[in-house]
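Colleague: The residues making up each chain are set out below.
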Amino acid sequence: MIIPSFTHKMAAHCESGTITSLLNHAGLEISEPLVFGISSGIFFGYFHKMKSFTFPTFIVRNKPGQMRKNIEKRLGIRFSTYEFEDAAKGMAMLDHLLGQNIPTACQVDFFYMDYVPSWERVHINVHFMIVAGKEGNKYLISDVYFPQMVQLEAASLEKGRFAGGSMSPHGFLFHPNTIPPSIDYESAIKKGIKKACFNMLQIPIPFLGIKGMRLFAKRIVEWPKFARDTEHLSHEIMKINILLEDQGTGGAGFRFMYATFLQQAAEIIHQPQLKELSKQLMIIGDGWREISLFSARIGKNRDLGPDKLRKLSELIHDRADVEENFFRNLSKAIN
Amino acid sequence: MKEKEGFIDYPEQQMILYVEKEDGKYGPMQTGSYISANFMDDYVLKRKNLESELREQLSLGKISPIKYFMVLEDLTLSELSARARIRKSKVKKHLDPDHFGSVTADELTRYASVFNIPTTNLLQVLLINTGEQFESHLILENKAKNISINQTPTENPYVVLTKIEEKNK
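Sequence lines, in order, name chains V and U. Last residue of the first sequence: number 1792 in this note's numbering, and the count goes up by one each step with no gaps. Last residue of the second sequence: number 352 in this note's numbering, and the count goes up by one each step with no gaps.
By construction, these hints were calculated from the structure, which means they are not laboratory data. Hints are not guaranteed to be accurate.
Said to hold, decoys possible - Covered by chain U, according to a simulated footprint, are these stretches of chain V (three or more residues, beta-carbon under 8 Å): (1) 1461 to 1473; (2) 1563 to 1577; (3) 1599 to 1613; (4) 1617 to 1631; (5) 1690 to 1698; (6) 1703 to 1713.
As the list claims (entries may be wrong) - If you want the ones that stay clear, here's a sample from chain U, every Cβ over 10 Å from chain V, calculated: (7) 201; (8) 330; (9) 347.
All C-beta atoms in this analysis are idealised placements derived from N, C-alpha and C, irrespective of residue type, glycine included.
Could you build all of it, start to finish, from the sequences and the hints given here?
Modeller: Here it is, written out as structure tokens:
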């Protein structure tokens, strides 16, 4: 049976979409871009070498789990959260919550979600989706990346919830508990923007924020030495497109969704300057999209010589310059 | 990005893109994946080539089955060790075909669980005739014309039922 009155909705990103869907179900009308912006979701980080990645990579959002925590802090919403060492107890708690008609968000390893097409499946422990019912041995899943609700075998869900490795989910579950009768959106929006500007401009870590973007631009020309062969390099270069466009960003590495947030925020807090900045960010996003398309093209054509990687490096450097300027202006506008 | 520039007709993989609507407002639009729509054949080709190269190395005894799956599933040594809950030094040994023989049945089961395959598939490669040549059934894009292979787990963690049947029967 499916939890009554639960409505499945697609969204751009799994964490912001899951939070939005649960809050909407609990009676709070809030959009995904507002959730994303208030929780300071926009970010950049470059990882040249890390134990858990086989190849250099980058991220375009804040730390997984942080969106929920920031929404809780800034909107005054309380979420109930659960973690388990014992898988049987973790599955029993999920059934218990479903029995109380509570749609519940789960953190899982994406790889074990059988409803995901083979080409999309990767081991990543930070996928979020909502369990909204159970029929026999199958759970009804509202995964914001899919147009309709899907079914998942209990064994696969358990495997995904209790996968080991970095950022292991430990069966993590959450759902909204209390929502305050009135919310100070102005304060929440300003805090969200300030923190995003801090993360992009001032965080004192050389591979994060704008500094991370410049490091990415500098180091991408070294990628061939990490690759097994040309096909491997082609795959990793084409993954730039996937990370910016396909892996739940709403396009251009979340820049389009953040622009939407700024447009909505401008109306809520009556600050027209944010509307102007949202237009600028849309254009900046188009530049990221150019990087995505360029990466896909050179990857497909195996045209991965030093000149093409230098060109890619220049395009990323250019984004770092325009985004530094953008976030400085955004910071001034909000202070 | 304008709404009309963002639309991709690819029902197999849908996603949400934030775009500028005709009235100037920004908002979500459901569309298809650009990269999947345009480059899926290239992805499948690379995947098949990688699997075939690893299978050859596996058959020649140059790599162990653990290494074969670790590379296919894009896992690092640290990540595999943490997921299988087997010491890193031990996993390192199991990657080496000369030392793979020291692996225990329990360890094989743990690896198989991470790779999401039946334990028996760590000791065999199922090949299917795709019409042109024999290719691994692991690559789901490899489709056999007339048969289907279904592997069903049993209560015994070391045993899987492999059912090979003619399609449409």
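Colleague: Name the hints, by number, that the structure is in violation of.
Modeller: When the structure is compared with the hints, only number 7 turns out to be violated.
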